[in-house]
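Chemist: Below are the chains, spelled out letter by letter.
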Amino acid sequence: MEQVLRTHKVSKYFYDPEKFQVLKEIDLSVNKGEFLSLVGKSGCGKSTLMYILSTMDTDYEGELEISGERVTGKSLNDLARFRNEHIGFVFQFHYLLPEFTALQNVMIPALKQKKYSRQEVEDRAYQKLKMLGMQDFALKPSNKLSGGQQQRIAIARGIINDPDIIMGDEPTGNLDSYNTHLVFDIFRELTHTYKQTIIAVTHDAEFARNSDRVVEMSDGKIIGSGNQKKSTVTL
Amino acid sequence: MKLALEIAKTHLLSKPKQTLVAMLGVTFGIGMFIAMVGLMTGLNNFTEELTMTSSPDIHIFNDITQERASILEEVNADGINVVHHQKPKKESSKLRNALLITEVLRKDPRVIGAAPTLGSQVFYNYGPIQLNGVISGVDIIEEDKLFNLRSKMKSGRIEDLKASTDGIIMGTGLARKLNVKTSDRVVITTPEGYTMTLKIVGTFQMGIGTVDNIRSYANISTVQVILQQDQSYITDINVKLKDLHKAKMIAPDFQKIAGYKAEDWETANSTFLTGVIIRNILTYSVSITLLVVAGFGIYNILNMTIYNKMKDIAILKAMGFSGKDVKQIFMIQSLVIGFVGSLAGLVIGYLLSYAISKAPFDGGDFISLDHFPVNFDPKYYIIGIAFGVATTAVAGYMPSRKASKMDPIEILRG
Numbered sequence: 005m006e007q008v009l010r011t012h013k014v015s016k017y018f019y020d021p022e023k024f025q026v027l028k029e030i031d032l033s034v035n036k037g038e039f040l041s042l043v044g045k046s047g048c049g050k051s052t053l054m055y056i057l058s059t060m061d062t063d064y065e066g067e068l069e070i071s072g073e074r075v076t077g078k079s080l081n082d083l084a085r086f087r088n089e090h091i092g093f094v095f096q097f098h099y100l101l102p103e104f105t106a107l108q109n110v111m112i113p114a115l116k117q118k119k120y121s122r123q124e125v126e127d128r129a130y131q132k133l134k135m136l137g138m139q140d141f142a143l144k145p146s147n148k149l150s151g152g153q154q155q156r157i158a159i160a161r162g163i164i165n166d167p168d169i170i171m172g173d174e175p176t177g178n179l180d181s182y183n184t185h186l187v188f189d190i191f192r193e194l195t196h197t198y199k200q201t202i203i204a205v206t207h208d209a210e211f212a213r214n215s216d217r218v219v220e221m222s223d224g225k226i227i228g229s230g231n232q233k234k235s236t237v238t239l
Numbered sequence: 006m007k008l009a010l011e012i013a014k015t016h017l018l019s020k021p022k023q024t025l026v027a028m029l030g031v032t033f034g035i036g037m038f039i040a041m042v043g044l045m046t047g048l049n050n051f052t053e054e055l056t057m058t059s060s061p062d063i064h065i066f067n068d069i070t071q072e073r074a075s076i077l078e079e080v081n082a083d084g085i086n087v088v089h090h091q092k093p094k095k096e097s098s099k100l101r102n103a104l105l106i107t108e109v110l111r112k113d114p115r116v117i118g119a120a121p122t123l124g125s126q127v128f129y130n131y132g133p134i135q136l137n138g139v140i141s142g143v144d145i146i147e148e149d150k151l152f153n154l155r156s157k158m159k160s161g162r163i164e165d166l167k168a169s170t171d172g173i174i175m176g177t178g179l180a181r182k183l184n185v186k187t188s189d190r191v192v193i194t195t196p197e198g199y200t201m202t203l204k205i206v207g208t209f210q211m212g213i214g215t216v217d218n219i220r221s222y223a224n225i226s227t228v229q230v231i232l233q234q235d236q237s238y239i240t241d242i243n244v245k246l247k248d249l250h251k252a253k254m255i256a257p258d259f260q261k262i263a264g265y266k267a268e269d270w271e272t273a274n275s276t277f278l279t280g281v282i283i284r285n286i287l288t289y290s291v292s293i294t295l296l297v298v299a300g301f302g303i304y305n306i307l308n309m310t311i312y313n314k315m316k317d318i319a320i321l322k323a324m325g326f327s328g329k330d331v332k333q334i335f336m337i338q339s340l341v342i343g344f345v346g347s348l349a350g351l352v353i354g355y356l357l358s359y360a361i362s363k364a365p366f367d368g369g370d371f372i373s374l375d376h377f378p379v380n381f382d383p384k385y386y387i388i389g390i391a392f393g394v395a396t397t398a399v400a401g402y403m404p405s406r407k408a409s410k411m412d413p414i415e416i417l418r419g
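If you read the sequences in order, they're chains A and B.
Each residue of the first sequence is one higher than the one before, starting from 5 at the first, in this note's numbering.
Each residue of the second sequence is one higher than the one before, starting from 6 at the first, in this note's numbering.
Calculated directly from the structure, the hints in this document are not laboratory data.
One thing to keep in mind: the hints can contain errors.
Partial list, computed: chain B residues near chain A (C-beta under 10 Å) [unchecked claim]:
#	residue
1	16
2	18
3	22
4	159
5	162
6	197
7	198
8	316
9	326
10	327
11	413
One-sided and incomplete, this derived list gives chain A residues near chain B with beta-carbon spacing under 10 Å [claimed, not checked]:
#	residue
12	18
13	21
14	23
15	173
Each residue gets a CB set at the ideal place from its N, CA and C atoms; glycine is no exception.
Bound-form chain B, shown alone:
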């Protein structure tokens, strides 16, 4: 083994240029893999995180658009019924026993927190202009547990909301559009025509345009007043789970418990998540292509080396090296190329990732982002080196086997 190592080393070092070229193939393959995976998973994690900040793990609400049987069908069940353009019943989106449901959900061991909320479409009046938006009535302390609001506050404190009866916390995008600051007042109008003046006690930024540009938070009681509803009027319950990836499984359970529609975050954000899947497919297919190309490079170079060393192989066999020993010598060469090349690839990949993570990138109004998000998870570095070594092992195996099977007599006889 030691001798095989020594011979392999001498072979590699006696043709440094060739060795280097073989290594560079692997290095670029792995380097690009690391950089691409870092960027892609960084983006994926970033979007996933954004998704999580804007939607609860499980959202329970009264889905009044759900299809229902027409009266005609109820009365004449066996007949042929044709009902054109059936409209939904006038129904309140109120969740009955919402507070009770919340209590039950909070006791569930899979749940971290559950927060009852109610929301409404509102118009924010800005002089003569009305901006469309949403106001959410929340228990701000509970909401903070779910969405970590505290860290997203740009001005003011969440406790300020708790203390005021007519306060709201407004998304930064919306505040900018309305040209208002903390402690300014803003007039809102509900679709039913109720108008109220509210005081801005703080601003938040989720980092996602669809939230920051339209949403404000207020106390539950404030929103109940705006909507002219009683104190049990709750339209939504947001639930945070211990393991958010189980949301899809758990949602049907909760739907049964609550008796209302329970939607998991994956369903609610399926367009976002499709993007994640497509990016992953892209990343892996490009990376694998790069590595396969590198593998072919190694295969080629080893094949050439072995062709050039046929005489040496014959003489080694004559001197008492078995086919296995010869195979070992060439396998060591390809593994060394693979390992050193991959290691250099990791370094290159890290440097590339670092450069990308420092590159300025304007997310625009939609996403608040000034640099590319890059993932430096060591997991991908381990995958990278394992994959690099595995590819070179496969690429080196075939020529090595050929060398081990070579008949020395034919070569020695000339």
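One chain only, chain A, in its complex shape:
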């Protein structure tokens, strides 16, 4: 199995109010096409780990490798470019840019990447929106959409640059059960049909149970990591 992400003895400390080790020598590898849930109690360090994996947090010890490239030690500017190309994000509070239309929101990371012409970017954005059933809302201002719709737009934005990994921070945390199912199904489809790798921090036990693999953390350590049988049962 091809590895997309690998950490080697990643540790992190918080210094405020006093020195405290949040992450203790985490070793983790993620395979391509894997749908991984990161679970654990509040304060166990799972979000902290995810932000290190996402390359946004650079203040840690150990090594991080994504898509065969060592990202530890890269400059902030290089990391920004790296994120743009290799990582897509889906957050709890959707975080669309409210002044822009749904389509523009989806297009921004691709325009930033400058790999495709504007027209191509627009075509690709439409294609992603269609995949998520959101093409009819493309020209709506994003702050006029419902929570579930916004989250789907955010997913389209997360995958516009065909990233190696999608990182989700409680991607369904703010959604009702209908939309949670919807988002979960989209994630499933992305991993199974498009071989997309997804790492999601979640509190939702059902969500975790139905993903391919659950990594459970406690007190800054991984205490359990198990592949589950590929569930065909939807929630």
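Given the coordinates of chain A, assemble chain B onto it according to the supplied hints.
Modeler: Then chain B, alone, in the frame of chain A:
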């Protein structure tokens, strides 16, 4: 860059009211700057021009009030001498070799023209009343070269003076006081008691009361006759320079050449020029204050915008925008506000200046002026826009930098 521009544009347009308020701050700042500078420099130029019309760039004369050593000091140089209330020697204010000096000065490459003149205090007799005044004996053609007299003639022609032996050209203020017109005759008396009847061949207006109300021009020979002096009697030489701002430097040279006191126009009109300096200080300090206030407005609004957009900034950073990109987005916003605001400011400033220049203003007897003089020099418009953009750039830089340094994780974690 293009993307940053687009995001900046969307930010600006999505809150048009806020953007407009920020712009208006700059607009008023620059507008007032333009109007004030226009009026102040207009006034300054006007006074400077007046000064120039009433005084030569360099004036050479025999300064008989200059201090000299007393005879006692000459004889008893080592002793302790006390001389109370020493009076000047009876000395003619005649310049020796005046015509020769004039010739030498005319050959100087820094000089446009030099005109020998002689002047005297006179009384103009108006019935039983005597009005105090001055009569200048000039070569009117040379004088025209120096002071552009021709354009200041209100009636008659300067050639008429050249052609007559007892003609004078009189200041309009003086003519009004004496109730005389061109071709009328006027009787003058010198302090020595010599009386002569002269014919007015024309009137001039310099636009400055201290000249128009007391001065007349006559031919050199006429004044020499009035003063009962010989034909070499010249008391002053007026010099016009190619660059009048070098007068202060050149004057000492001429003093050496001529052997008489050479006074530059800046020294002669220092009270006038002090006013110019004070007005300039005032203009710039008020304008800078206005712009600083506008700058604080922009700083405030951008700070607020950035505070409101923290989530957006975090998400942009997560999506791969570097700190520099984020800084760019907000810098573009402040520069657009600055540029558009300044541009509108120039328009407002121009309109204000235009309105001021049309406002009636009575200069009274002292200065002949019916409207405010306003300067429309494009230089100040360029300074205005440069200053407006610079202020907004500085005001926008700090909040933009703050945005670029913002840690996205803290915001995303909530």
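Chemist: Can you list which hints this structure breaks, lowest number first?
Modeler: Violated: hints 3, 4, 5, 6, 7, 12, 13, 14.
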